[in-house]
Amino acid sequence: SQQGEEDPQALSIQEGENATMNCSYKTSINNLQWYRQNSGRGLVHLILIRSNEREKHSGRLRVTLDTSKKSSSLLITASRAADTASYFCATGGHYQKVTFGTGTKLQVIP
Amino acid sequence: GAGVSQSPSNKVTEKGKDVELRCDPISGHTALYWYRQSLGQGLEFLIYFQGNSAPDKSGLPSDRFSAERTGGSVSTLTIQRTQQEDSAVYLCASSLGIGDTDTQYFGPGTRLTVL
Chain A
16 SQQGEEDPQA LSIQEGENAT MNCSYKTSIN NLQWYRQNSG RGLVHLILIR SNEREKHSGR
76 LRVTLDTSKK SSSLLITASR AADTASYFCA TGGHYQKVTF GTGTKLQVIP
Chain B
61 GAGVSQSPSN KVTEKGKDVE LRCDPISGHT ALYWYRQSLG QGLEFLIYFQ GNSAPDKSGL
121 PSDRFSAERT GGSVSTLTIQ RTQQEDSAVY LCASSLGIGD TDTQYFGPGT RLTVL
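Each protein sequence line maps, in turn, to chains A and B. The opening position of the first sequence corresponds to residue 16 in the working numbering, with each subsequent residue numbered one higher. The opening position of the second sequence corresponds to residue 61 in the working numbering, with each subsequent residue numbered one higher.
There's no promise every hint is true.
[As the list claims (entries may be wrong)] DSS-like cross-link-like pairs, simulated, lysine-lysine; straight-line CA separation at most 27 Å:
1. B:K71 <-> A:K41
2. A:K85 <-> A:K71
3. A:K84 <-> A:K71
4. A:K112 <-> B:K117
No lab work stands behind these hints: they were computed from the structure. A quick note: this is a predicted structure, and the numbers were derived from the prediction, not measured.
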């Protein structure tokens with residue numbers, strides 16, 4: 016079974032708008048990571064947030080983590096057509112099996 | 061340095077045949093994962109190798125699936141007597157396996173089509 020679940024499953028926005036994706040997980044974590052996947056091939060790591068962090072930024076990406084609610088959000092600001100992809104959250108690592116959520120398909124319309 | 065590589069990139073086989081998929085992880089990475097992804101779906105965990113520990117095979121869908129990791133490096137995923145429902149992209153990932161910032165690096169995948 017999946018450790019994490021993202022919502023929404025699919026999101027369609029206009030270029031320039033912000034996109035927000037959410038991830039919920041079930042067990043305690045050391046960190047949570049977000050990955051991106053283009054065209055059904057290998058995933059690419061975007062950003063990692065540790066369990067003792069509440070917010071982290073990387074370029075146009077902003078990740079928040081609420082361990083009390085076991086949830087995280089990924090915000091992409093000023094979206095571009097090239098941001099069209101599937102986005103996955105993942106938990107685990109450091110001798111623990113990494114498990115992925117179900118993913119959010121983002122479409123950015125030019 | 062080189063990333064994770066997988067071969068072949070595409071494989072077309074007939075139902076009932078056996079196939080072998082190969083993954084070359086990043087040198088020094090102790091953790092190696094295999095995932096399966098059907099069209100438009102999420103990642104399905106198959107198997108996890110961590111160092112010399114016994115692999116976590118809990119995701120293998122049937123006894124037709126098996127995987128080995130030789131010398132702590134290259135891994136081979138074998139599917140025996142392939143079925144049409146085995147058609148998917150098979151992704152391999154590796155990571156250092158330690159540290160609280162452990163990050164997975166994915167290969168490009170092998171697209172398997174069973175006719």
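Verification of the hints:
Pair hint K71 (chain B) plus K41 (chain A) does not hold up; C-alpha atoms about 36 Å apart against a cutoff of 27 Å. Taking the CA atoms of K85 (chain A) and K71 (chain A), the gap is about 16 Å. The hint holds against a cut of 27 Å. Simply put, K84 (chain A) and K71 (chain A) have alpha-carbon atoms about 17 Å apart, close enough for the 27 Å limit, and the pair holds. Restraint check for K112 (chain A) and K117 (chain B): the C-alpha separation of about 11 Å stays at or below 27 Å, so the hint holds.
The structure does not agree with numbered hint 1 stated previously, though it agrees with all others.
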